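**Student:** Chains as they are written, first to last, in the numbering used here: chain W, 109 to 316; chain P, 109 to 316.
Worth flagging that the hints you see were computed from the coordinates, not collected in a lab. Hints are supplied without guarantee of correctness; some may be wrong.
Which copy is meant is left open, so a pair is good if it fits within one copy or across any two.
To be verified - Cross-link-like lysine to any residue pairs, in silico, SDA-like; alpha carbons within 25 Å at most:
hint, residue 1, residue 2
1, K167, P157
2, K167, G258
3, K167, R139
4, K167, T195
5, K167, Y223
6, K167, R281
7, K167, P230
8, K167, H142
9, K167, E244
Bear in mind the structure is a predicted one, so any value in this text is a computation, not a measurement.
Protein chains: 2
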Amino acid sequence: MTTSATDDLWGEAGPGSRRILEAALTAFAARGYHGASTRDIAAAAGMSPSAVYAHHRTKEDLLYAISLAGHRSALAAVERALAEEVTAVGRLRALVHDYTAWHARHHQLARVVQYELGALAPDHRDEILRLRRRTEEVVLDEIVAGIASGAFRTEDPDGVALAVLSLGVDVSRWYAPGGHHTPVSLGRRYATLVLAMLGTDHRSATAG
Amino acid sequence: MTTSATDDLWGEAGPGSRRILEAALTAFAARGYHGASTRDIAAAAGMSPSAVYAHHRTKEDLLYAISLAGHRSALAAVERALAEEVTAVGRLRALVHDYTAWHARHHQLARVVQYELGALAPDHRDEILRLRRRTEEVVLDEIVAGIASGAFRTEDPDGVALAVLSLGVDVSRWYAPGGHHTPVSLGRRYATLVLAMLGTDHRSATAG
Chain W
109 MTTSATDDLW GEAGPGSRRI LEAALTAFAA RGYHGASTRD IAAAAGMSPS AVYAHHRTKE
169 DLLYAISLAG HRSALAAVER ALAEEVTAVG RLRALVHDYT AWHARHHQLA RVVQYELGAL
229 APDHRDEILR LRRRTEEVVL DEIVAGIASG AFRTEDPDGV ALAVLSLGVD VSRWYAPGGH
289 HTPVSLGRRY ATLVLAMLGT DHRSATAG
Chain P
109 MTTSATDDLW GEAGPGSRRI LEAALTAFAA RGYHGASTRD IAAAAGMSPS AVYAHHRTKE
169 DLLYAISLAG HRSALAAVER ALAEEVTAVG RLRALVHDYT AWHARHHQLA RVVQYELGAL
229 APDHRDEILR LRRRTEEVVL DEIVAGIASG AFRTEDPDGV ALAVLSLGVD VSRWYAPGGH
289 HTPVSLGRRY ATLVLAMLGT DHRSATAG
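Chain W on its own, in the form it takes in the complex (with noise of 0.2 Å):
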């Protein structure tokens, strides 16, 4: 299981770049994407407004580059859990883990990338909504997989990657780092939980 949080969110972009989505990051979680002016982010990034908008010509566009490296960043995670593991039991524990854990770890992405959804242009958001049907995919193949193999038992296999993928992503509404929770404590916890609804139980989920 990958522990670390300083995955590269903002792939090839530039230092000014970087600079700018941080801070239309920061913004749109602190007053949401209607609340939040390209004038308050440019602020924010020590710039003009005008070299915010040789970056990025509208506030959609900054919207959409935060959701495309949220998107891409959890089913990278998804699947670099998934690349360690070999067993059924093995792997959706890690993909449990990691899926749960990396909500934790970027609870400000997380949130603003699954609740400001509505407020991306249509072409952005079919895009956006691709890259989530794959997550779900490869969450839902994981359970059926592990069914076939007779490693675990559910009637509602679709119920059980909703749960994984519902589970994982409202630890980003109420995460706070510093409180009673960690990205791992609570990655170990939902991924036993859901191996016990998969009628595997605490003790083969171990030895699996």
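Fit chain P to the supplied structure of chain W, relying on the hints for placement.
**Tutor:** Same frame as chain W, now just chain P:
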């Protein structure tokens, strides 16, 4: 299990106040608390800003009234669910069903109430947090009682309580009427998954 969608959210508020609360809820859901102005809300309610101020002195006061109504209604739904059931399995099934269905039915209200908590004044936030803790206690008490009676088996009652609340609340993020899911289908689905988490399989859950 209660399936009525007509429970009265606004209590003893008069017709003018109701119209303002409904308009504020719609505006907060569409543009976020910071993105919606009192002027927008007055226009949506078909009133002058001064008429709105006569009922609610500030925008924060509107959010507080909406948050109080939402949290009271969700807690009442949970308490009504329990009032009709006797067995541990029956009670938990009804609780999860009705809490989940409440968040589907009142998805717009639940989103505002959950996502804008940070915008409340400290004393208002404290009052809302007390209502949340009361709801959390009701859920945890049911799980602990079911473990004590031998109906449930889990090493992590706090984790299951957290999952019950989180799965319910998160429905409000993605639920849309007219789609694949209904409040009742989601309620049934999550109740079955939670009972599986508690080591109660589908057949005994139905019989219980």
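**Student:** Evaluate each hint against the coordinates.
**Tutor:** Against the structure, the hints:
Taking the shortest alpha-carbon separations for K167 and P157, only the intra-copy value of 11 Å comes in at or below 25 Å, while the best inter-copy value is 29 Å. Proximity of K167 and G258 under a CA criterion of 25 Å is satisfied in neither setting, with 49 Å inside one chain copy and 56 Å between copies. In this homomeric assembly, K167 and R139 come within 25 Å of each other (Cα to Cα) both inside a single copy, at 14 Å, and across copies, at 14 Å. With identical chains, the CA atoms of K167 and T195 are never at most 25 Å apart, being 45 Å at best within one copy and 54 Å at best between copies.
In this homomeric assembly, K167 and Y223 come within 25 Å of each other (Cα to Cα) both inside a single copy, at 16 Å, and across copies, at 21 Å. Both within a single protomer and between protomers do K167 and R281 lie at most 25 Å apart by alpha-carbon distance, with minima of 23 Å and 23 Å respectively. For a Cα distance limit of 25 Å, the shortest separation of K167 from P230 inside one copy, 15 Å, qualifies, whereas the shortest one across copies, 31 Å, does not. For a Cα distance limit of 25 Å, the shortest separation of K167 from H142 qualifies both inside one copy, at 9 Å, and across copies, at 16 Å.
Taking identical chains as interchangeable, the C-alpha atoms of K167 and E244 are never at most 25 Å apart, the minima being 28 Å within one chain and 38 Å between chains.
Against the hints set out earlier in the document, violations occur for numbers 2, 4 and 9.
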